[in-house]
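Undergrad: Sequence:
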Amino acid sequence: MDKQMCCLLPAILGLWQFVTLALGFSFDIRYPKTFSASTEAGSHFGHRVCHFGPTQGYNTSILVTAPLQDNGTGVVYRCSYHSTTCEALPIHVDSGVSFGLSLACNTDRAMMCGPRQMFACDTLNYLQGICVELGPQLSVTQTLKPAFQECRDFGLDAVILFDGSQSIVRNDFETMINFIKDIIRMFTDPRAQIAVAQYSTETQAIFHFQDFLADRNPDNLMVSVDHFQGQTYTPSAIRYVLEKMMTEAQGMKKYSRKLLVVITDGKSNDKTETFDNVIPLAETMGVTRFAIGVGNKYSSQELEQIASSPNFVFEANSFDALKSIQNELSEKIFAIEGSNSTNSSSFEHELSQGGFSTTLSGALSLFGVVGSYSWSGGVVEVVRGANATFINASALEKDMKDSYLGYSVAVAETGNGSVYFAGAPRYNHTGLVLVFQRDPVQQKWTVAHKIPGTQLGSYFGAQLCVLEANVQPGDSQTGLLLIGAPWYHAQGVGGEVHVCTLETWAPNCSLTLHGAHGNTHGQFGASLTPCPDLNQDGLLDLAVGAPAEDRGQGAVYIFLGCPGGVQAKYSQRIQGERGGGRGLQFFGVSVHSAGDLNSDGLADLVVGAKGAAVILRSQPLMRVEVSVTVAPPTIPQMFFHCAAHIALNTPIATATLCVTVNGAHVGKISTSLQASISITVDFRKDQNGTRPARLLFYPRLHSSKWEERVTGTACYNISLSVPECISDYREVPMSVRLAAEGLEVPGTDGLKSVLSPDNPTFFTHMILLEKVCGEDHICISDLSVNITCPEVVHSPGFPVEVFVNVDNRGEDASKVELTLVHPSTISFVFAKWSFGTRQVAVWCVSNTTGLENLTRTVCPLSSLVLRKGAHVTVWVSFRVSENSSLSERLVINASVNTDNEEQGTLHDNLASSSIQVKLPVNIIIKGGDSSQYITFPNDNLLEHIYMVLNIGEVAAPVNVTFVIPVELDSGFLWNVSLPQIDNSGGKCDRKEVFSKKDNGTLFEQQCRGVICHLIGCTIGLSTSSQPTIIRFFGNISRKTEFSRVQVELASWGSLSFNQTIYAEYPAIGFQSVTILSILETAPESSAALIATLSVGFSLLTLAVVSWVLYKKGFFKSKEMPNDGVMDSAAPDDKLSLTADSTSQRETTL
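Residue numbers (this note's numbering): 1 to 1149.
Treat the hints loosely; a few may be bogus.
Said to hold, decoys possible - Here are the computed lysine to aspartate or glutamate pairs in the DMTMM-like style, where the Cα-Cα straight-line distance is at most 20 angstroms:
no.	residue 1	residue 2
1	267	202
2	253	215
3	450	397
4	181	219
5	297	283
6	401	348
What the hints assert, rightly or not - Label pairs and their in silico Cβ distance ranges:
no.	residue 1	residue 2	range
7	807	708	51 to 57 angstroms
8	108	456	51 to 57 angstroms
9	468	120	40 to 46 angstroms
10	599	450	42 to 48 angstroms
Don't read these hints as lab results, they were simulated from the structure.
We treat Cβ as the ideally placed atom computed from N, Cα and C, and that holds for glycine.
Generate the whole structure from the sequences, applying the supplied hints.
TA: Structure (structure tokens):
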């Protein structure tokens, strides 16, 4: 990972753990030391400040500049922490130089500059600089003038080159000579001089510059000029002028503005030279060129090629017309006098402002000269005992004009030598920083890297600062370069600082620092300085000034270093009103920190403001160590396991917190440090969503707070309890949060200790639970599931009971969740799980799955811990929904999952049940108008009538099984045949004959006679309300002697149907019935009478019954619907005639 990203991550992730940083690390703002010299308003006392002298001790001083004092001359003051006033240093400089506009200090020397030394040179005002170096005793050791330019005689040197070819007639030639004389007469300025040459095939000077200086009369200079009348060799003529006439030997001044006027009437026919060769020479020499075409034979293209600019081309249609362009030509010629030419070499350091910025490194002094070479700027290197070296960026880079290179300068010492940095905040209007390194072969400074700005007007490069790193020869990383862009603007942002790692291949400036949001015009980055290691991590820290924040009151920010960069979040923001006092303005316009100023052994910070300088002391550094012990060290299972009988909300363990306060960096302070400590312990981190914390602080508290003033060590005890049984056996996290505020240290004039920023203020202590699942405390379960559903009937409201068995063959399973996916035609009602003798309701949630007509019902079993070998049955009840349409089969899928089962054992965590959906039927059987009393032999016809009725809505085929006694006790016989069936297309047959002694099957148990017949009938029932009548009738006979007895004759009928397709629902009974008749023998004397009466009574009864049935419509023809009549109830007759006696309700008539 990129080292800068390591510094940036705390800000990105919001995990800034050092609470003390928010309180301010590490400078004391309660008791600042403020200096304000008695100077006139507007002196800008405090514009630059620096710590000068040893890094510790009473000989240290701070230097404060007031660059506009004494009408802009400037004064430098010396102030001491142990004094209340500042004294002006006796340094004499020229008036108006703004002395102290730049300032640099180290332990043994200080450099201060005034870059506004102005003096007149002819008609120009030079603007240069003067710098003064002070030694350890604040005495002047040398005076320097970086990039100083001596006054030069510029003037104007002009040459008129006119065409004397044969195409010009004599009168026109004389007119041209007179025109030239008029031009010569215009050169009245003593600094201006002129020479004239004629050309055709050859070129010859008419007179040179020294001739003009000797006699300025054009009539004398141009007397008897011969007309050459040759060819038009214009390029060769221009070369002649450049090489033979524009030389110091011919009287040309070295630094003059150079001018060439070419007059021609035709197109060049030069065979020896071309314009492409000669014009670049003129450019190199800085010659400004005018071209005049006369007549109609010249080439406009050639004129534009000769002239320096299209504006310097003149055209006249005749030589007589030359008079018309004279005034315009004169204005343009003399407009360039006193101004700069296109060649920067002719205007070098006249406006250099040497010393606009400065920095020191060992014996090296580096100066920025922003005005050199048309404000391209540059850098001057001065090493004691050697000549000054000017590093000319305009000669190394293009488009440097008006860049202000040298606005800021910095030096870094690397394993491969020194590296220079120079800021050009106006380059391309976006700013630029150039990195210079010395070429080891040519021993020349070259541009090694360019760091461009991105935003217009941001003044990127206005401030530079280097945080040095401890490097060895050959190391690629050399430290950090900080680049200020104080005029950068964005939403709520005013200024920024770029942090660049310095590597031999390319600087990496990916990290950017900003101040507090909302200060749009705060000028954050207007001043920068390294700070000595404040937090004792072995890295330099950074102070950044933002003098326009808080409506001009200003602020200073402290950023702590980190490996490979700077922390993106500032550790302290010092507001001007708080750090320097009320009424302070532009606090942070300058900052500097180099060591201890008040002799307490701790680094201090000097801050400049408008009219003031402020010393802020750093605070002693403390460390607070927090330890946690728990007794017992491991909480036994008996206190928490769900399978144990545990006592909830009672103390089960004790946590002991101990705090120790030590000094981490106290300098010369020997007093023990004291701190106000606040520790908050919390179990909320153990919560997960809706799950409560596994442990609490007694009684039932999620958090507990302890506050104490601590010197040395103090401890605190707190009891722990279990709110409910625990199924998660991992360590329980207890978060510990520390807040520490240092108290005033005696003997330090109010200094408070401050917590070291790398002191952890938050950590998590893990409380151990007794091992349940092995050494790793991690349970690996192995669950399996199966599902059963006894019956489903297609009827609204029918209860669908589902039984899911969950087994665990692995270790304890926690967070078990059962999921059922089922058709939406059934809806969830309730769920319970049973574990041994325990039954607990389960809360389930049903949601549609997005798939058509499917619902997912999820039942968390979180209250249940499945230990190894556990078996749990979950009863889930559903109900068939109203207006639902069930398929022929109901498919329910069950799955069980937990958070601690491995992938390899999930194959049996899914089960499915497919149940045949049965149709609901409601068919009953009951007795009809059967024979109740028979007196034998008078009445010997016995009849049993059964009625089968469908009172439901589904038509279904029905099997009816009858047990008919054919031989009774006392020798009676019932001669009964197969029954008659009315109102149905059913049929009957005799299935079996058995005796009373056979008492095995249900049918045999229903036999009330000596011998019985088993009769089976199959009928198809519709949804009609008309019953189906089944009649058994036959005569009674007796095979033994006649004697008076009474015998019960009982027949039995039972219903059955195809239970794979149909189900009795709702179950109302009446599935079997017994018909009982009493058989008596009459006395012999009355036997005939009885027989006669019996026959008569029977006939009458039959007539009455027939009439009633006729009235009821019983004899009307009715057809069973096709889909309501089926074949036999079951393919196996014996199976269809077998019934479970316990599941049938019997009616006896």
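Undergrad: If a hint holds in the structure, say so; if it does not, say that too.
TA: Do the hints match the structure? See the list:
1. 267 - 202: Since the Cα atoms of residue 267 and residue 202 sit roughly 16 angstroms apart, the hinted pair holds (cutoff 20 angstroms).
2. 253 - 215: 18 angstroms, holds
3. 450 - 397: Judged against 20 angstroms, a Cα distance of about 10 angstroms means the pair holds.
4. 181 - 219: Judged against 20 angstroms, a Cα distance of about 7 angstroms means the pair holds.
5. 297 - 283: 27 angstroms, violated
6. 401 - 348: OK: residue 401 and residue 348 at ~12 angstroms, within 20 angstroms.
7. 807 - 708: 51 to 57 angstroms: 54 angstroms, holds
8. 108 - 456: 51 to 57 angstroms: Violated, since residue 108 and residue 456 (Cβ atoms, about 42 angstroms apart) do not stay within the stated range.
9. 468 - 120: 40 to 46 angstroms: 44 angstroms, holds
10. 599 - 450: 42 to 48 angstroms: 45 angstroms, holds
When held up to the earlier numbered hints, the structure conflicts with 5, 8 and fits the remainder.
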